[in-house]
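Enquirer: Once you've looked at the hints, dock chain B against the given chain A.
Protein chains: 2
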Amino acid sequence: MKIINNISDMYEYSAKLKKRGHTAGFVPTMGALHDGHLSLVDRAALENKKVIVSIFVNPAQFGPGEDFDRYPRPVKKDLKMLKDTRKVDCVFTPDKDSMYPPGSATFVSLENEMTNVLCGASRPGHFKGVTTVVAELLNIVKPDRIYLGQKDAQQAIILSKMMRDMHFSTTPVICPIIREKDGLALSSRNAYLTPEQRDTAPVLYKSLQMAESMVELGERSAETLKKEIRRKIKEAGVEIDYVEAVDAATLAPVSAISGNVLIAAAIFVGKTRLIDNTIITI
Amino acid sequence: MKIINNISDMYEYSAKLKKRGHTAGFVPTMGALHDGHLSLVDRAALENKKVIVSIFVNPAQFGPGEDFDRYPRPVKKDLKMLKDTRKVDCVFTPDKDSMYPPGSATFVSLENEMTNVLCGASRPGHFKGVTTVVAELLNIVKPDRIYLGQKDAQQAIILSKMMRDMHFSTTPVICPIIREKDGLALSSRNAYLTPEQRDTAPVLYKSLQMAESMVELGERSAETLKKEIRRKIKEAGVEIDYVEAVDAATLAPVSAISGNVLIAAAIFVGKTRLIDNTIITI
Chain A
1 MKIINNISDM YEYSAKLKKR GHTAGFVPTM GALHDGHLSL VDRAALENKK
51 VIVSIFVNPA QFGPGEDFDR YPRPVKKDLK MLKDTRKVDC VFTPDKDSMY
101 PPGSATFVSL ENEMTNVLCG ASRPGHFKGV TTVVAELLNI VKPDRIYLGQ
151 KDAQQAIILS KMMRDMHFST TPVICPIIRE KDGLALSSRN AYLTPEQRDT
201 APVLYKSLQM AESMVELGER SAETLKKEIR RKIKEAGVEI DYVEAVDAAT
251 LAPVSAISGN VLIAAAIFVG KTRLIDNTII TI
Chain B
283 MKIINNISDM YEYSAKLKKR GHTAGFVPTM GALHDGHLSL VDRAALENKK
333 VIVSIFVNPA QFGPGEDFDR YPRPVKKDLK MLKDTRKVDC VFTPDKDSMY
383 PPGSATFVSL ENEMTNVLCG ASRPGHFKGV TTVVAELLNI VKPDRIYLGQ
433 KDAQQAIILS KMMRDMHFST TPVICPIIRE KDGLALSSRN AYLTPEQRDT
483 APVLYKSLQM AESMVELGER SAETLKKEIR RKIKEAGVEI DYVEAVDAAT
533 LAPVSAISGN VLIAAAIFVG KTRLIDNTII TI
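So the protein lines, in turn, are chains A and B. One point on numbering: in this note's numbering, the residue at position 26 of the first sequence is 26, and numbering is uninterrupted. One point on numbering: in this note's numbering, the residue at position 54 of the second sequence is 336, and numbering is uninterrupted.
If we strip away everything but chain A, and leave its shape as in the complex, we get (with noise of 0.2 Å):
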């Protein structure tokens, strides 16, 4: 496994895999890896001839305030996670002065309304700073599949209608979340949460299998799936940042289930912001 940190190396190797006809696949992270990250490498290992993953903590997608300082970075832990896989060949880990330089002004920006819900709406400019980063690491790395998590679902979104704009040669490839025994989905933020704060996490979940159960049972209204979903984690002691029912296309708010709906939610455990979703199609 090749260990790269600098831009102009990432050239030459990707160069190298282009002559000698070498698909690649992309998985981008910021470390502190876990096993739905592992899944994506499995699954890149799966379909291209090389797997190249990238450990890069993205200041341009955290606001002020943010957990940039305090977002785990056990370098050692995940390089040695990504070798033990058998399935990576190549680590890209760039410092923060070789992927923003000092005075760096250029932005990679999808200018409507999708930024602007579910997560973007409490966390302005973020997804801003995540089509950059991933447009700047494409143009690194130039796979030919990127590998993205359902459990970012509009993030996924985004870079999918990013990519598609801009017409990038790479194809986005979208991996289901996955979670925990009792349901939590699989996060490096969940390194944040006190055992007790562990224990009611769940509750995120789960109140999303309850929305599925009463969608199985022939209710149509978002209004009272969400309604119920809130009722569920509110219950639990849990604070809510935003429940919402969106087309997993456009991500505009939905009033009806029907095609595909995104259902998604994000909460706050303690101080921790935790993400989960589902998508249900009639």
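No wet-lab data here; the hints were simulated from the structure. Keep in mind that this is a model prediction, so the values were computed, not measured. C-beta: ideal position from N, C-alpha, C; glycine also. Treat the hints with care, as some may be off.
Think about it this way: if two alpha-carbon atoms lie no more than 27 Å apart in a straight line, the pair counts; the simulated DSS-like pairs of lysine-lysine are [said to hold, decoys possible]:
no., chain 1, residue 1, chain 2, residue 2
1, A, K18, B, K410
2, A, K16, A, K2
3, A, K181, A, K83
4, B, K378, A, K128
5, A, K128, B, K410
6, A, K87, B, K301
7, A, K16, A, K80
Non-contacting residues of chain B with respect to chain A, defined by C-beta distances greater than 10 Å in every case (computed) [said to hold, decoys possible]:
no., residue
8, G303
9, D349
10, F350
11, P406
12, A417
13, K424
14, K443
15, E462
16, G465
17, Q491
18, S495
19, R502
20, K516
21, A538
22, I561
Coverage of chain B stretches by chain A, computed from C-beta distances (three or more under 8 Å per stretch; other residues unrestricted) [claimed, not checked]:
no., stretch
23, 386-397
24, 448-458
25, 469-479
Expert: For chain B alone, coordinates are given in the frame of chain A:
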């Protein structure tokens, strides 16, 4: 000379070049070709195995009320000119709807003062349209080098900065201004000029030459140079859009001529907006 009008065919062409280890030089144009464009083709042919030219009148860089609709589109003549050079391997001629399908909403922009000065002041949004389309073309064509004209000095500087910030592996090459015998810089917009206007237009270059002479004779005040340039242009009965002296790297205004200074001007000859510039190095 291959003509490609479809993005996925262009992906394929570019992937083939990479696989064969052939370098590609790219000349993006809006058509209405003249010897200025051909000088970029010549340089690209010198430095690369393959030369790719794009012809695309980019709606995103025209403001409301600008000349998008009447911009010349002599496609047959353009293709013949390119073929006659015997130096062009591929012409990429996408249409508007494939470059910007309905619902396209992603933009690449340089969020600093560089895009607000000079032409940016009179053409709000113009450079955002330019950086967006060039990022898209680079994603599609994936050249080793891109050839830009010094004639559009601000555009060349902004695009080089955008490409550096976004970590494109493509190298920008900026080529000298090509002029008519009487000094008028070649431009597709010269075609709009009546014979009388054509006689008047060279005053723009003559005023810049005068400024160069003044600097050679010891003048160092940007204010004095700009005042004299303005005076000379007004004497010819021509309307001035701007006359500015700025740092050639940052485009920040300068008061004294020292280092690399870009003196740039835009005028209206009738309704036709013409630009020209010179870089003075002390």
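Enquirer: Does the structure break any of the earlier hints, and which numbers would those be?
Expert: Going through the list in order, the structure violates hints 1, 8, 12, 13, 14 and 25 and respects the others.
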